[in-house]
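Number of protein chains: 4
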Amino acid sequence: MTVVAFIGLGQMGAPMARNLMRHGHTLRVHDLNPQPVAALVAEGAHGCDSPAQAAQGAEVVITMLPTGPQVHAALLGERGALETLDPQALVIDMSTILPTESDALCAALAARGISFMDAPVGRTSDHAIAGTLLILAGGSEAQVARATPLLRCLGDTLIAAGGPGRGIRLKLINNYMSIALNALSAEAAVLCEALGLPLDKALEVMNLTPAVRGHFGTTWPQRVLKGDLSPTFMIDLAHKDLGLALTLAGQLRVPLPMGAAARELYSQARAQGRGRQDWSAILEQMRAAAGRPSVVPEGTQ
Amino acid sequence: MTVVAFIGLGQMGAPMARNLMRHGHTLRVHDLNPQPVAALVAEGAHGCDSPAQAAQGAEVVITMLPTGPQVHAALLGERGALETLDPQALVIDMSTILPTESDALCAALAARGISFMDAPVGRTSDHAIAGTLLILAGGSEAQVARATPLLRCLGDTLIAAGGPGRGIRLKLINNYMSIALNALSAEAAVLCEALGLPLDKALEVMNLTPAVRGHFGTTWPQRVLKGDLSPTFMIDLAHKDLGLALTLAGQLRVPLPMGAAARELYSQARAQGRGRQDWSAILEQMRAAAGRPSVVPEGTQ
Amino acid sequence: MTVVAFIGLGQMGAPMARNLMRHGHTLRVHDLNPQPVAALVAEGAHGCDSPAQAAQGAEVVITMLPTGPQVHAALLGERGALETLDPQALVIDMSTILPTESDALCAALAARGISFMDAPVGRTSDHAIAGTLLILAGGSEAQVARATPLLRCLGDTLIAAGGPGRGIRLKLINNYMSIALNALSAEAAVLCEALGLPLDKALEVMNLTPAVRGHFGTTWPQRVLKGDLSPTFMIDLAHKDLGLALTLAGQLRVPLPMGAAARELYSQARAQGRGRQDWSAILEQMRAAAGRPSVVPEGTQ
Amino acid sequence: MTVVAFIGLGQMGAPMARNLMRHGHTLRVHDLNPQPVAALVAEGAHGCDSPAQAAQGAEVVITMLPTGPQVHAALLGERGALETLDPQALVIDMSTILPTESDALCAALAARGISFMDAPVGRTSDHAIAGTLLILAGGSEAQVARATPLLRCLGDTLIAAGGPGRGIRLKLINNYMSIALNALSAEAAVLCEALGLPLDKALEVMNLTPAVRGHFGTTWPQRVLKGDLSPTFMIDLAHKDLGLALTLAGQLRVPLPMGAAARELYSQARAQGRGRQDWSAILEQMRAAAGRPSVVPEGTQ
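These protein sequences, in sequence, are chains A, B, C and D. FYI, numbering that gives the first Met the number 0 numbers position 152 of the first sequence as 151, with every residue one higher than the one before it. FYI, numbering that gives the first Met the number 0 numbers position 175 of the second sequence as 174, with every residue one higher than the one before it. FYI, numbering that gives the first Met the number 0 numbers position 228 of the third sequence as 227, with every residue one higher than the one before it. FYI, numbering that gives the first Met the number 0 numbers position 22 of the fourth sequence as 21, with every residue one higher than the one before it.
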């Protein structure tokens, strides 16, 4: 069993600390809000009035805080965990913060001889309560191995993301995609309603196509990911169909800002000579726009 | 066996006409471009120099043309199919055009006593060749029943979309979603590359989440589609995470116009008092923005 | 004095026809809506039940209609003006339609030996009433000279835009800029209000800068328009400041979709190696995105 | 003459410090980069290796640094100005940072009894050299009066923005508008080029309209700013004209992401029942989207 300092007892942190306790670990908890501290103390945790106090005697420090500066303060600030931390301890930041902030923390702790890894979580507060979070562990193999018994108390899916900083990077990519997709899905659903179509009927079709199945595993593997831009469905036609949908939405007074942005991306792809390339070549276009290298071999485009 | 006038022999139309012929139907084909006409004539079709000529003696007319005005001209213009068409014939437009254009054609043909349905297709030219298209049949039950033996020669998935005009509406919704999603996927993939993460690693995570699985069948059914806006993941947090990704992308010089548009949608949702609602409530927000009714029962929000 | 067939008596067309009549011209008017026809007849115009009737004996036909297909029908359709028009007459389309539609009309009329020019208008219905419209005359010198006595009855500012089709092109550019700028101004004004600043105070500053004065005559002439991209204010800093404003707006829950799109354009400019170029180089970036030639001489960038 | 600690000698800071020196003030300068320090020392300044050293004996401290955390460190960090500063001194931050960061600095200094104001600058490095910057002084009347003799050495236009924090807020509004407008102007200019129109010709028209003159002083004062939404130019028509421009741009392969975002804003305005309101009502729409109060009196809409 491990002595864990747990700092940050919000909607996610509190049930996570509770799950560690349930598995027999010793919890030293801190939060600026006294309420969740008191609740956990009532269940057997040691309440602490600062990160420094929480860190006393801890083998592992876990931070689960809203922003990077707050994690920085909890670890390196006045009355921060570093003031009392055993140099052999492991610090695991499970917050969602900027990768640059995470990298800076890692470097600052390394300079003091402290081992730091990130392990942000996916899924929801329901999953935090159930101990079924998705955990993206950014650490060396040794760090991940050391953290695993604890992380297993919190989640049922543990992905080793690579070295420190990789967990938070993976999480931001995943959340970027899922959160933006949520809004795009709502645009399509409202257009569907405005057309007088039941969403169920539309889903019957979309479940058969990349509209629901996505592109990563369907249209891309045989084309752009292989460096083959020969068209099964041309950028020009994709541009045309988006234009039809936007004209239609204009008639129906359904605002579609994401689709409008997408159409201009296809327009730029056409301007760059990609009109007769496969629609998956939009990936190549994005790479070019970001000044990043193509992966299509010379001569095959 | 049926006598079919097929008008429009492009990348999709030509293999479709060929498949009908292979199944024993009699084809009368027309295109402004003489090349594909000649090719099909060599395989046994009757070449025609106008839609009017093609329609002579045809039981069914199929149009597969790039734009609404072209379909209009082929049917109702000078030397158009209507000049010679048997009043008992069925007209099937398989083009991708505006629903308003399709509705207008349907009305114009109805006024002349001609039966009109739409049946646009999904998937690619490879599928057109293989006869494995997805077909969205917009017609009455009787129309669809009559068309089915022909459509089965063209596709392996036939969805009865409802009455005339519903096929093209379904198609535009589906294509809106799949084409915009393609561009959003490319944004995420390039951000991933710029972060130094292999796409495979990101997919290992995203395959477990709505990032790949989508929202229609995952996050929405238990929440917004049930009228339950209690949060498992709050709009405020979705806004925060998109902001982190955009800040990160700004540092890395990766343009993310669709994600940027999405963030402003979440910002508007927050401004409308939805910050502490579930992220699936973005659907409710889009409905409100489009001036459309909520489906959340009063008092449950 | 001239006999004028005036087709289209909407919010703009009706007062325009009235002003021609007041200056002594003979008006033959038509509209699908009988009300404005009756009103003008009461003031001395000849009411006509079709464009063909209106065109009888007319020296000039003016169209002022909502869409391109409507102008097409009024001129070339059944009971259209061409059925009766004197081949010596001049047709002036003052509607706002697509340039491609205007070009097609011009060609179709030329094929019938009829002289066609476009002359769309700027400003508002108040100006139509006052006869103080801005008129963008797209025609040959001879056409514009012939039209000028009539156009002077309608507007106080007449700009010779160049040959046929140039008037409508100029108008769309102007309206693109002024309509989009209107929305951008509203974004800035609401951000201002949300910051607790009176708009008057902000205007005191913005009136001194390109924020109100624009860029065409201020920041561009000494820099990008001269091919000089040496920075007075760098793209990198412009990107930074937009990012600050968007972060701020995110805190204040003010959606800024146009500013968000702008930031991604600067991000792309940075990705293309323009971070340390002058902010006016965003023009060069847009040219590159549209696949259009730079005007910056080689070696000066 | 005043003893001034000047911290931050970049493209803007260095010429500003120089101008203060030329007017006879005593300069104590610091920058992490030794080069500009050496250059100013050669001209008579006292070089200092930390903000703390620079602040010794200073009557005024001026910071001109890239980011908020850097200003924070220069004032409150280790070897920061506060370690040595005379409590009677005035601190003027002329950097461009987040208002929330500026507010926090103001509060932190107030807690130590130090007077803090902000005075960010407008215009370019050329103006910094010439001493003709635009300065937005955010401070009490007494603070601004005290700072004026120094600020007059740096700029020829000094605007009293109101209390502390108002200068930076004004600046961000101004820069938001001017930087986004720069990109929008480039969209219009490239569309113009793609249409084959010389920009000069387009400017001849746009100089007569809100396209260049803006809306704050033209279309808004008689309409939305007076609470009058009766149309001179309707939202519906603005939406139509933007749609034409975007269709045209789609044909010409000119990407217009800002205009595309704008069109969706007008679409939302139409969905909210504003289609027949004046286009200036887009301001009212933005207020509604941001959850902010209308200024149109009840009953007049």
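FYI, nobody ran anything at the bench for these hints, they're computed from the structure. Don't take every hint at face value.
To be verified - Dumping the calculated BS3-like pairs for lysine-lysine here, alpha-carbon to alpha-carbon at most 30 Å:
no. : chain 1 : residue 1 : chain 2 : residue 2
1   : A       : K200      : A       : K239
2   : D       : K225      : D       : K239
3   : B       : K225      : B       : K239
4   : C       : K239      : C       : K200
5   : C       : K239      : C       : K225
6   : A       : K225      : B       : K200
7   : B       : K239      : A       : K200
8   : B       : K239      : C       : K225
9   : C       : K200      : D       : K239
10  : B       : K225      : B       : K200
11  : D       : K239      : A       : K239
12  : D       : K225      : D       : K200
13  : D       : K239      : C       : K225
14  : A       : K225      : A       : K239
In this text, all values refer to a predicted model and were calculated from it rather than measured experimentally.
What hint numbers does the structure not satisfy? Checked against the structure, the hints that fail are numbers 7, 8, 9, 10, 12 and 13, while the rest are satisfied.
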